[in-house]
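Sequence lines, in order, name chains A and B. Residue numbering for the first sequence follows my numbering, beginning at 1 and increasing consecutively. Residue numbering for the second sequence follows my numbering, beginning at 1001 and increasing consecutively.
Bear in mind the hints are in silico, worked out from the structure with no lab data behind them. What you are looking at is a predicted structure, and each value in this text was computed from that prediction instead of being measured. Quick reminder that beta carbons are idealized off the backbone N, C-alpha and C, glycines included. A couple of the hints might just be wrong.
Which chain B residues face chain A? A few, computed with CB under 10 Å, are given here [claimed, not checked]:
1. Ala1074
2. Gly1075
3. Ala1081
4. Asn1086
5. His1087
6. Leu1089
7. Pro1091
8. Trp1092
9. Gln1097
10. Ala1102
11. Arg1105
12. Val1106
13. Ala1153
14. Met1156
15. Leu1162
Some chain B residues close to chain A (C-beta under 10 Å, calculated; not the full set) [as the list claims (entries may be wrong)]:
16. Lys1021
17. Ala1024
18. Gly1057
19. Thr1062
20. Ser1063
21. Val1065
22. Val1082
23. Phe1084
24. Leu1090
25. Leu1101
26. Arg1152
Below, simulated DSBU-like cross-link-like pairs (lysine-lysine); rule was C-alpha separation at most 30 Å, straight line [claimed, not checked]:
27. Lys176(A) / Lys274(A)
28. Lys1228(B) / Lys1159(B)
29. Lys1135(B) / Lys1188(B)
30. Lys301(A) / Lys1135(B)
31. Lys221(A) / Lys1159(B)
32. Lys1188(B) / Lys1228(B)
33. Lys1258(B) / Lys1228(B)
34. Lys1115(B) / Lys221(A)
35. Lys1135(B) / Lys221(A)
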Amino acid sequence: MSAVAILKLAEPPARAEPEPVKTAAVATERSVTVERSEQAVTPPVREGLGEGGREMLRRIIPPVFGIVLMIGIWALVAIKSGNIPGPGKTWAAARVLFADPFYQNGPNDQGIGWNVLSSLQRVGIGFGFAALVGIPMGFLLGRFAFMNRMFDPIISLLRPVSPLAWLPIGLLVFQKADPAATWTIFICSIWPMILNTAQGVQRVPQDYLNVARVLGLSEVKVITKILFPAVLPYMLTGIRLSIGTAWLVIVAAEMLTGGVGIGFWVWDEWNNLKVEHIVIAIFVIGIVGLALEYMLLTLAKRFSYEAR
Amino acid sequence: MRKPIVKIENVGQTFNTKSGKFTALRDISLDIRPREVVSLIGHSGCGKSTLLNLIAGLSLPTSGVLLCDSREIAGPGPERAVVFQNHSLLPWMTCFQNVMLAVERVFGRQEGMPKLNARVAAALDMVHMDHAMHKYPHEISGGMKQRVGIARAFAMEPKILLMDEPFGALDALTRAALQDELNGVMAKTGATVVMVTHDVDEAVLLSDRIVMMTNGPAATIGEIVEVKLDRPRDRLELAQDPRFAGYRAVVFEFLYRKQLKKAA
Ligand SMILES: Nc1ncnc2c1ncn2[C@@H]1O[C@H](COP(=O)(O)OP(=O)(O)OP(=O)(O)O)[C@@H](O)[C@H]1O
Ligand SMILES: [Mg+2]
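Build the full structure now, drawing on both the sequences and the hints.
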């Protein structure tokens, strides 16, 4: 949704303006630089070489340079290959596409907005269930060594398995494509959640637990006032990793299951041979992933207490 | 003679380590009287914290028995408050909330919110931390954290206050200010205090008795000095007092002649 908003904002000015969109897409791997480049996109154009303007420029120039380079290479490859759409053609297609992202012509022909939203919904549901199961589970594994040893072989064995391998099981159990896709999201989200929560619980400093013992706090108070806040940063790390993989996996899962969703859309456009739409989808997926990451980072920062 | 509030009888503590059994303490016997201030002093690693943890009930002895009010100490409890060596404030709570956690636990059942709030405020006021009540631990200095830790312990109105090097990590000036504050607070509340320290002057200034421990392993009580200086004690006056110098000398004599630390 926010991706749509960003794209809409970027739409009116014509030629050389696709930058903001792509800035974000490029920086996906390095989440920290993201905030800076996003904040910094507009000001220098207005300010020119003011006081802080120079500092701004120093921050802006490298990413802008990177984007220009990327677009250049892209254009070059497009010219050489002939069947990959260049930036111009893609931009034109994007303008058409985003003129009406929420149209609905029957179940198999819906706007890109709907596709993104239904992918997000699947991720949300699968991920929500994973949190519901994984976080309490992580607390148990972290608190009781017996549980930890009991589940260790199971988790070690299952974690490296691609969640897509679980898709047929999901289809078998749920008899429908949609919950099966959600099921793969559940599977891929749950491991980081369990492991990070458990690690957080194990790392609660003994000092804090001693405080609890001296005060004689009830088990409920220990959990709410000491364990939970101490573990929260680890939990948020787990959540962030989960969401990241979930967003990776959903595209693949939807390609296999069909229905409405960004992954399915990519596959559909491939069948229609609209390659420029696939390129647009790549950007959209990147931007949504980036937005999710950014949201969770902001959340994590809000809940992190300074180290002692 | 007053009946002891804490009785330590033939206590020994052995740890299981990778390289076998390690005897940290042996044959410790000590009676602590109500309203008394006792310091534990000794070279690093001799077992002062181990002994304090035993009194706190954070660990149990491998031999012997500890009694508090004639009952065996089987675990920690709020009547024996602890000021930890590293303050141990919870970083996600403000100073106020940190103290409130303790106050609520001890008085929450019989008192309403306004009274609890007043208790917390009074405790923070006592250590002159009322101005920073709503700050988080990472927003205040080391000495301030230590003071909040002390406020938290005092606010519980414990029968016994156990302090593990409460001023260990502080500079000399802050340390002196806090010692004076503590002296005042102890006089006001009449708590029984057991305090671990490295600092000879601190021990003499604050204590009624100084328990000097031999070097580990298998440390035990070497000597006990009774400090018969009148209270309230003023550090400036005491600096001139020959008796103060005398007590210092006794402790130094024990630590640096009789228990000279072998080069580690
Ligand atoms: N849990 C434990 N397991 C094994 N050995 C321990 C344990 N706790 C303490 N010891 C050992 O017992 C001895 C006494 O430790 P303790 O922490 O009581 O010393 P201390 O007198 O408080 O020293 P310091 O003044 O440096 O704080 C040390 O040799 C220490 O290594
Ligand atoms: Mg110690």
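Supplied contact hint for Leu1089(B), tested at 10 Å Cβ to chain A
Result: holds, 8 Å to nearest chain A Cβ.
Can we keep the Ser1063(B) interface hint, with Cβ of chain A closer than 10 Å?
Cβ of Ser1063(B) sits 23 Å from chain A, so the hint is violated.
Taking only the CA atoms, is the gap from Lys1228(B) to Lys1159(B) under or equal to 30 Å?
Answer holds: Lys1228(B) to Lys1159(B) is near 23 Å, not above 30 Å.
Could you check if Ala1153(B) really has its C-beta closer than 10 Å to a C-beta on chain A?
Result: holds, 9 Å to nearest chain A Cβ.
Hint Trp1092(B) vs chain A: min CB-CB distance below 10 Å?
holds (4 Å)
Restraint outcome when Phe1084(B) is required to lie within 10 Å of chain A by C-beta distance
holds (6 Å)
Holds or violated: is the Cβ of Leu1090(B) closer than 10 Å to a Cβ in chain A?
Hint holds; Leu1090(B) Cβ to chain A Cβ min 6 Å, cut 10 Å.
Could you check if Gln1097(B) really has its C-beta closer than 10 Å to a C-beta on chain A?
For Gln1097(B), the interface hint holds, since the closest Cβ of chain A sits about 9 Å away, which is under 10 Å.
Let's test the interface hint: is any C-beta of chain A closer than 10 Å to that of Gly1075(B)?
Check passed: Cβ of Gly1075(B) comes within 7 Å of chain A, closer than 10 Å.
Less than 10 Å between beta-carbons is the criterion; does Ala1102(B) satisfy it with respect to chain A?
This hint holds: Ala1102(B) lies near chain A, its Cβ roughly 5 Å from the closest one there, short of 10 Å.
Just to be careful, I want the Cα atoms of Lys1188(B) and Lys1228(B) compared with a cutoff of 30 Å; is the pair within it?
holds (19 Å)
Less than 10 Å between beta-carbons is the criterion; does Leu1101(B) satisfy it with respect to chain A?
OK, holds: Leu1101(B) within 10 Å of chain A, min 6 Å.
The structure does not agree with the numbered hints 1, 16, 17, 19, 20 and 21 stated previously, though it agrees with the rest.
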